[in-house]
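K.L.:
From first to last, the protein sequence lines stand for chains A and B. Okay, so the first sequence: first residue is 1 according to this note's numbering, each after it adds one. Okay, so the second sequence: first residue is 1 according to this note's numbering, each after it adds one.
Treat the hints as calculated values from the structure; they're not laboratory data. Honestly, I wouldn't trust all of these hints.
Partial pick of chain B residues on the chain A-facing surface, computed with a CB cut under 7 angstroms [stated by the list, open to error]: (1) 75; (2) 98; (3) 115; (4) 121; (5) 123; (6) 124; (7) 206.
Label-pair distances were calculated between CB atoms; the ranges are [what the hints assert, rightly or not]: (8) 230/A to 41/B: 38 to 48 angstroms; (9) 138/B to 264/A: 27 to 37 angstroms; (10) 146/A to 41/B: 52 to 62 angstroms; (11) 138/A to 104/B: 46 to 56 angstroms; (12) 78/A to 258/B: 45 to 55 angstroms; (13) 107/A to 138/B: 51 to 61 angstroms.
No residue lacks a Cβ here, since even glycine has one placed at the ideal position from N, Cα and C.
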Amino acid sequence: MGLGPFSSFMTGTWLEATVVAVVAGVVGFFVVVRGAAFAAHAIPQGAFTGAAGAALAGVSTLAGVGTFSLLAVAAMARWGRRARHDVVTALILVGLLGLGSLFLSMSSQYSEQTFSLLFGEPLAVSTAQVIPSASIGVACLVLVATIYRRLLLASVAPELVAARGVSPERVESWFLLSLGAATTLALPVVGALLVFSLMIGPASAARSLARQPLSAVALSVGLALLTVWASIVAAFYSNWPLGFFVGTLGVFWYLLGRGVQLRAARSLATAPGGAGGPASGRSLGPGPRRGSG
Amino acid sequence: MPAIVTALRSLRASQDEAVRLGAGSSSVLSVRGLSVQLGGREVLHDVSFELGAGELTGLIGSNGAGKTTLLRALLGLQAVSAGTVTLSGRRERAAVGYVPQKVGLDPDLPVRARDLVALGIDGQRLGVGLRSAARRERVEALLQSVGASHLADARVGALSGGEQQRVLIAHALASSPKLLLLDEPLANLDLRSTQETVTLLATLARSRGMAVLVATHDINPLLPFMGRVVYLAEGRAASGTTDEVVRSDVLSALYGHHVDVLHAHGRVIVSVSDQHHDGPGQGWGPEPRGEALVGGPGGQEAPGEQQAPEGCDLAPDDCTDDAPQAWQP
Chain A
1 MGLGPFSSFM TGTWLEATVV AVVAGVVGFF VVVRGAAFAA HAIPQGAFTG AAGAALAGVS
61 TLAGVGTFSL LAVAAMARWG RRARHDVVTA LILVGLLGLG SLFLSMSSQY SEQTFSLLFG
121 EPLAVSTAQV IPSASIGVAC LVLVATIYRR LLLASVAPEL VAARGVSPER VESWFLLSLG
181 AATTLALPVV GALLVFSLMI GPASAARSLA RQPLSAVALS VGLALLTVWA SIVAAFYSNW
241 PLGFFVGTLG VFWYLLGRGV QLRAARSLAT APGGAGGPAS GRSLGPGPRR GSG
Chain B
1 MPAIVTALRS LRASQDEAVR LGAGSSSVLS VRGLSVQLGG REVLHDVSFE LGAGELTGLI
61 GSNGAGKTTL LRALLGLQAV SAGTVTLSGR RERAAVGYVP QKVGLDPDLP VRARDLVALG
121 IDGQRLGVGL RSAARRERVE ALLQSVGASH LADARVGALS GGEQQRVLIA HALASSPKLL
181 LLDEPLANLD LRSTQETVTL LATLARSRGM AVLVATHDIN PLLPFMGRVV YLAEGRAASG
241 TTDEVVRSDV LSALYGHHVD VLHAHGRVIV SVSDQHHDGP GQGWGPEPRG EALVGGPGGQ
301 EAPGEQQAPE GCDLAPDDCT DDAPQAWQP
């Protein structure tokens with residue numbers, strides 16, 4: 001054919017993947033530091049239903065994914081406060097997946113459509129398709145930049161942000177919205193199953209390797225970019241699915257981060273005061289009690 | 001924690017009513033007839049006290065006495081069913097600094113001590129926040145004021161309990177509060193860190209002309225520095241100077257049954273006997289405890305928690321080195 005991964009028909013793919021990686025890297029950092037990996041898993045799965053529904057109704061995938069991402073986010077923000085967070089997230093996930101299975105059973109293009117929604121179809125993005133997702137990406141980045149300090153402080157400890165007159169729940173809701181936006185634009189490219197891995201892998205390595213928040217965000221974005229770019233080239237030549245490379249690289253980044261951290265910890269092992277917490281002092285009486293004392 | 005976080009949302013609206021500001025005086029905070037209900041139960045009843053500028057005040061009470069609830073009410077995070085909280089001077093949220101009860105900080109969190117203190121300056125603002133030399137200097141000055149300059153570049157989650165406490169104090173001081181509230185800052189600290197923390201708080205109160213309210217279940221570390229005490233028990237409060245409040249008759253009236261207050265080598269032992277279960281002896285110890293026994297001896301207090309501070313078993317002779325007078329700077 002003579003067409004390489006860098007030929008002009010791939011321009012849309014490169015642009016789209018770049019937008020996705022930047023957004024996933026930024027949002028993923030907060031997913032990791034907030035321990036919100038389950039939400040980051042559930043929203044794309046729920047949004048998959050939206051994609052299946054969109055295929056059935058004959059509307060654009062982006063619209064379907066966006067609608068269902070928002071639906072999942074709104075439900076989490078609304079009910080996640082009162083009940084146990086993980087249980088609510090799980091119920092939203094299974095509820096939406098149930099609906100998704102119904103949509104798929106009614107759809108005629110069952111297997112092909114499903115496969116690309118779950119694992120992504122990145123090698124066929126046109127330049128025109130990039131515009132809507134780039135808009136969502138920019139909006140998402142503006143949102144995260146706006147709430148950045150509150151979100152970071154709430155990620156350290158929600159009480160600290162509450163003491164400053166900012167509701168940690170509201171911060172959480174905005175964060176979920178950014179997660180929904182990131183999902184919406186990433187899902188059609190990397191697929192419902194792998195949006196999550198693109199958010200978690202690079203960000204988890206960045207958390208281990210960087211010392212301060214802004215450099216961790218930058219590193220997370222850098223590794224996410226490296227992941228998608230390398231995956232596109234590898235997928236193009238091997239004809240293996242892009243998701244395989246994205247997922248594997250995600251795990252690789254995590255292991256790399258842990259490895260470097262362990263090495264650093266081992267070299268500091270003899271230095272005092274490394275561990276903090278329980279090792280730091282004898283208990284002088286009742287420990288801290290949960291709830292209002 | 002979910003209970004606390006859940007409570008925050010609905011209470012935002014009542015915050016303005018709760019914190020009514022008055023004319024300036026030497027009193028920084030005045031609490032009048034404060035009552036708080038949680039889930040239909042009156043957790044605090046008719047609590048009144050004043051906090052003075054430059055003073056360290058102890059908020060003493062056992063677990064479940066309502067210390068955290070009172071602090072949250074002062075912060076405007078807890079709706080009050082009756083009473084007023086009057087804060088003198090600046091009509092700003094930033095006028096109250098808060099150091100919450102032991103925050104479980106993730107050791108892998110890529111946030112250095114200086115980042116957390118910087119968030120104390122402007123963490124509630126929108127935007128990413130640009131770094132500037134002035135901001136950096138302010139952060140360093142704050143860290144220095146709590147003796148934590150050397151920790152500036154360490155990840156907060158990796159610091160020891162006492163070190164984290166200092167950084168959290170610097171974080172709270174960043175908004176130049178007139179009132180600093182600390183929830184059990186001495187829990188889980190060893191004797192040396194406890195003394196250092198209390199000395200630091202007393203010094204900060206004086207040098208900044210700030211009122212400091214320290215919630216703790218153990219009155220003893222505070223004794224040499226404490227101007228006044230607010231003693232919580234059974235949802236009620238007694239307040240005044242230590243000598244006025246920590247007396248058998250006052251505390252007996254507060255608890256509703258007989259309480260012994262013993263003085264030994266500069267330490268105070270509050271022994272609350274529980275008439276329903278056991279005689280005196282159960283509640284003996286260097287900390288005011290025994291309230292928990294109301295619910296039954298096998299209740300909240302695990303045997304291991306009865307242990308006295310280091311080197312200070314129940315043999316008073318061992319305590320002389322740690323006698324509060326020796327801490328006086």
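K.L.:
Restraint: residue 115/B near chain A, CB-CB cut 7 angstroms. Satisfied or not?
P.N.:
Where the cut-off is 7 angstroms and the nearest Cβ of chain A is about 6 angstroms from residue 115/B, the hint holds.
K.L.:
Using the Cβ atoms, figure out if residue 138/A sits within 46 to 56 angstroms of residue 104/B.
P.N.:
35 angstroms, violated
K.L.:
Can you verify the interface hint for residue 121/B: is its Cβ closer than 7 angstroms to any Cβ in chain A?
P.N.:
10 angstroms, violated
K.L.:
Does the beta carbon distance between residue 230/A and residue 41/B stay inside 38 to 48 angstroms, or does it fall outside?
P.N.:
Violated, since residue 230/A and residue 41/B (Cβ atoms, about 59 angstroms apart) do not stay within the stated range.
K.L.:
Is the interface hint satisfied for residue 75/B? The criterion is a beta-carbon contact with chain A at less than 7 angstroms.
P.N.:
Holds, about 6 angstroms.
K.L.:
When you take the CB atoms of residue 146/A and residue 41/B, is the distance between them in 52 to 62 angstroms?
P.N.:
40 angstroms, violated
K.L.:
Indicate whether the distance between the beta carbons of residue 78/A and residue 258/B respects the range 45 to 55 angstroms.
P.N.:
51 angstroms, holds
K.L.:
Go through the hint on residue 206/B and say holds or violated, using the shortest Cβ distance to chain A against 7 angstroms.
P.N.:
With Cβ-Cβ at 23 angstroms, over 7 angstroms, it is violated.
K.L.:
Taking the closest Cβ pair, is residue 123/B under 7 angstroms from chain A?
P.N.:
This interface hint holds because 4 angstroms falls under the 7 angstroms limit.
K.L.:
Can the suggested window of 27 to 37 angstroms be confirmed for the beta-carbon pair residue 138/B and residue 264/A?
P.N.:
The hint (27 to 37 angstroms, Cβ to Cβ) holds, given that residue 138/B and residue 264/A are roughly 30 angstroms apart.
K.L.:
Quick one: are residue 107/A and residue 138/B within 51 to 61 angstroms, going by C-beta?
P.N.:
For residue 107/A and residue 138/B the Cβ distance comes to about 60 angstroms; the hint holds.
K.L.:
Minimum Cβ distance from residue 124/B to chain A below 7 angstroms?
P.N.:
Because about 4 angstroms separates residue 124/B from the closest Cβ in chain A, which is inside the 7 angstroms limit, the hint holds.
Of the numbered hints given earlier, the model fails hints 4, 7, 8, 10 and 11; all others are met.
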